[in-house]
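Enquirer: Chains A and B, in that order, give the protein sequences. Residue numbering for the first sequence follows my numbering, starting at 61 and increasing by one per position. Residue numbering for the second sequence follows my numbering, starting at 8 and increasing by one per position.
Among these hints, one or two may not hold up.
[Unchecked claim] Computed spacing ranges between beta-carbons, pair by pair:
(1) Glu77/A x Glu128/B: 31 to 37 angstroms
(2) Ala141/A x Val37/B: 22 to 28 angstroms
(3) Ala108/A x Asp106/B: 17 to 23 angstroms
(4) Ala143/B x Gly81/A: 17 to 23 angstroms
(5) Lys10/B x Gln202/A: 30 to 36 angstroms
(6) Glu146/B x Gly143/A: 41 to 47 angstroms
(7) Asp21/B x Glu77/A: 27 to 33 angstroms
(8) Thr175/A x Asp106/B: 21 to 27 angstroms
(9) Glu22/B x Met136/A: 27 to 33 angstroms
(10) Ala112/B x Lys107/A: 28 to 34 angstroms
Just so you know, these hints were derived from the structure itself, not from any lab. Since we're looking at a predicted model, the values are computed, not measured. Positions of the beta carbon are idealized from the N, C-alpha and C atoms, including for glycine.
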Amino acid sequence: MADKSKLGMEFPAFTYEVEKGKVAEFAMAISQKESKEQVDQVYADQKAAKDAGYDDIIPPPTFQTCFALWGGGGLMPMITALGINLGRLLHGEEEYEYFKPVHPGDVITCQTKVTDIYEKEKKNKPGKFMEFTVLETEMKNQKGEVVIKSRSTLVER
Amino acid sequence: MAKEIYYDDVNVGDEMPSFTSDPLTRTHFVRYAGASGDFNPLHHDETFLKLFGMPSVISHGMLVMGITGRAITNWIPQKYLKSFKVRFAGMTMPADVNDMENTTARATVTVTGKVVNKAEENGDKVIECEIQTADANGEVKITGTFKAALPSK
């Protein structure tokens, strides 16, 4: 069960360096493609990205999910710190606000905070509750500019 | 890649071009696990699922959100995207390669969307769209919204 004493808790900040190869690999995964030549070239080729009006290659709109999973030590430490049972964990909602472009070579610092913990009664099982934990993450680049804010809602069924 | 699009040419009620995925297989889940770093065994280890009485691995919700994002960036150049929000409404099971006939529909998702608002926000000309991602059986996987600040002519 989610631990309500965790409300307001901040996780240790961590950094993630955006790498060209990882951006292309992620683009291939969400594009269901076998090679980087088959994805939208703004994700893989600097010239194509520049031709499309970007300063450099950009990552897909959901790429920042990698920051916590690869840069923050993975899913398990966070789930353990929150006291959530992995076998009951579902991802309820995910939200992004985009402020500045991200490019390979950027070093992103992420600060995650627990901003809400609440429960809802299950529709088909009165008296049984689902627990919701909301995590907000502010992501800044090496210039100190906020590039993305994310909000993730984890559900324990 | 998305073509240039102008605020003036988009109207409330316009449909976003729909986008359909390839049938999702376990191999797609494994590729996404490696790319994203999400190694929750729920998405690749059927023996883990048996502990919870579930019949099959399920997709990462974030893979379906990624596919939903493709539908958006196929229509709107990504540099105009301001926000993207989804609620995960249902799980997606993969196509079984030994039974494609009966499992392709559940593993093939289509993203549709509609413009619900146009407004000026802090000097930006912003469109808001509601989106939905559902499988070929009509089971909804994602409902959501996105906003994009578009250039005007």
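Enquirer: Which of the listed hints are not met by the structure?
Expert: Failing hints, ascending: 3, 4, 6, 7, 8, 9, 10.
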